[in-house]
Structure formats: structure tokens, C-alpha cells
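Participant: Okay, here's what each chain looks like letter by letter:
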Amino acid sequence: MVLLLAGAWCLGACSSNETYQVKCLGEVLELHEKKLKNKNFRPEAFKEDAAPFMKALAAKDYKVDAKTIEYFHARLGAFVDAAGASEAQHLIAVIVRALATDLVPEKVRSALAGSSVKDSDVWWNEAEATE
Amino acid sequence: MKSARMQTQWLPVAIVLCCCSMLAACWPVVNTHTANFADMMNASAKELRDGTFDSAEFKKTVKRRASDINHGQGLEFRYQLLARDAVREFMYAVQDTGDPEAEMLLVDLVQVFSKEFFPPSVLAFVKDKTGTPGPKWWLDEPVTDAPGNGGAQGNSPAEETTPANQPQTNG
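Heads up: the protein sequence lines correspond to chains A and B, in order. Numbering (the working numbering) for the first sequence: 70 to 200. Numbering (the working numbering) for the second sequence: 396 to 566.
Quick caveat, the hints were computed from the structure, so don't treat them as lab data. It is possible that part of the hints are untrue.
Calculated cross-link-like contacts (lysine to aspartate or glutamate; reagent style EDC-like; alpha-carbon spacing at most 20 Å) [as the list claims (entries may be wrong)]: (1) A:K116 with B:D445; (2) A:K103 with B:D434; (3) A:K124 with B:D434; (4) A:K104 with B:D434; (5) A:K136 with B:E471; (6) A:K108 with B:E442; (7) A:K92 with B:D491; (8) B:K522 with A:E113; (9) A:K104 with B:D463; (10) A:K108 with B:D445; (11) A:K108 with B:D491; (12) A:K108 with B:D434.
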């Protein structure tokens, strides 16, 4: 038992901060994908939830383990499918443009190819009201 | 000799008990409680919109959840996100309905729970707003506010000295 716990602790400690951020961003995508499906998606809420992770992940080069990449690809793909041609599609296109290449599957990249994204569309660098 | 045999008999029991207590300590009960809190907040938001919101019931449930959540450890991000989203939905319902009592209860919540349950938009909404006047209903022992000291931003001496159900501030 002690060895198992020690092993779990080591695994947790070895997991990088970026891996954690990617997992959390995946959770945010999952929550708001459900909202898209339930027709109660709010762009401002999505932007608020994704902002801290995009601040940490945008325009950086980092290594994330294969399992996390696989999980994130699934979440991203599901969100893009649910977004359709709504405002959510534009928001996810802004995110995709800023993420590391490994994190975005080709299928998602081609699905969002039509969205034009400008530098001024990035929202996560804006000063947060209360933090 | 007899003592050595007794020790050998009790050793497996001690190991099993030790393993059980370790498992219990690792079990993230706080996640379940937080998911329940999120369900409760979502239901309250719906009740506000339907006009069936019961503030007395809300206070009772919040008090129970606070004692479950505020002493738990190992909250996963997934559940924290659910709670934040549910609190935000409650705020949208307060904004849409303009219910003054629900607004005061939302201000109170910031004192009851850890800041990690409140997204920036909710913190911005409650800023400079005043909570429910009178005794702090979320404490075990009713504590009356000192005159002129009400609202989410105040830190009364009662709050500083009463350990029960205090919010855990994480940065």
C-alpha cells in the first residue's frame, strides 16, 4: 500500500504544470459543450472559464503526455462539433490558433479553417475585473 | 510466547484497519458534496426564474453544504468548475429577476464558501453590495453584526474568532 501511494505521488509530481492546465482546459470545453447542446451557452461565461488556462498555455512550446493529448483532442473535437457555425465557433478558433500544434488535431484545424481570427480577438490578456 | 502469538494474530487486523483508514482519508468526499452544492445552486436558479424560490430552505441547505465542503480536502478542478458555473447561473437568475433577497444571499455566499467557488464575474457583481442584514445565518451560533458592519466586504471580529464554517481563502 505504501509503495502504491508512493508511486501515485511520484506520478503526480512528475506530471507537468502544462499537462494540468491542458486537462483543466479540456474540462472547461466539456462543460461548455454540454451547454451548447442544451442551448444555454453563454460566450462570456466560456471566456471567463477558459481565460486562466489560455493565459498559461497560449503561444508557448511545451510537452504534454500522449494520454492527455488524446483526451484534449476528444474534448476539442466534441466542442467544435457542438459549436456549429455559432459565436462559439469563433471563440474556439481563437483558442486553437494560440495553442501548441500537438494539441490541435488536423480534423479540427480544417473544420475551423474558414474562421478569420485577428490578434484583437484574443480575450485572455484583458485585465480581469476582480482578481 | 503467548504475547508473541497474540501480536501475530493482531497484525493482519491492524494492517487491514490501517489500509481502510488510509483509503477513507484518500476518498474525495468533498467532490461529491461540491457536486451536490452545484446541483442545489442550479435548482435554486431555476426556482428563482419560476418564482418558487424559498430563501429559508436555501439557507438551510447552504449551511449543511458549507459544513460538508469547507472542511474537506482534495477538491478536483472538475467539481470546482461545476460549483463556479452553478454560482454564476444563480447570479444570472438574480440579475434577470432582480430579486433583492436572492441578491443579498449571493453576497452572503461569498463569506460562507472559499473564493475558489466564485468566478470573477460573480465577485465583481457582489462587490460593494450588502448581504442579509442581522445575524449571520450560516454560523452555528447566531452572531449579530456590529452596527454599521454588514456585507460581504466586512470582516467583523465575530468572523475572525468563530472557527465554525469559515471560508477557506485560497489566494
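Participant: Which hints from the list above does the structure break, by number from lowest to highest?
Facilitator: The structure conflicts with hints 1, 3, 7, 9, although it agrees with all the remaining ones.
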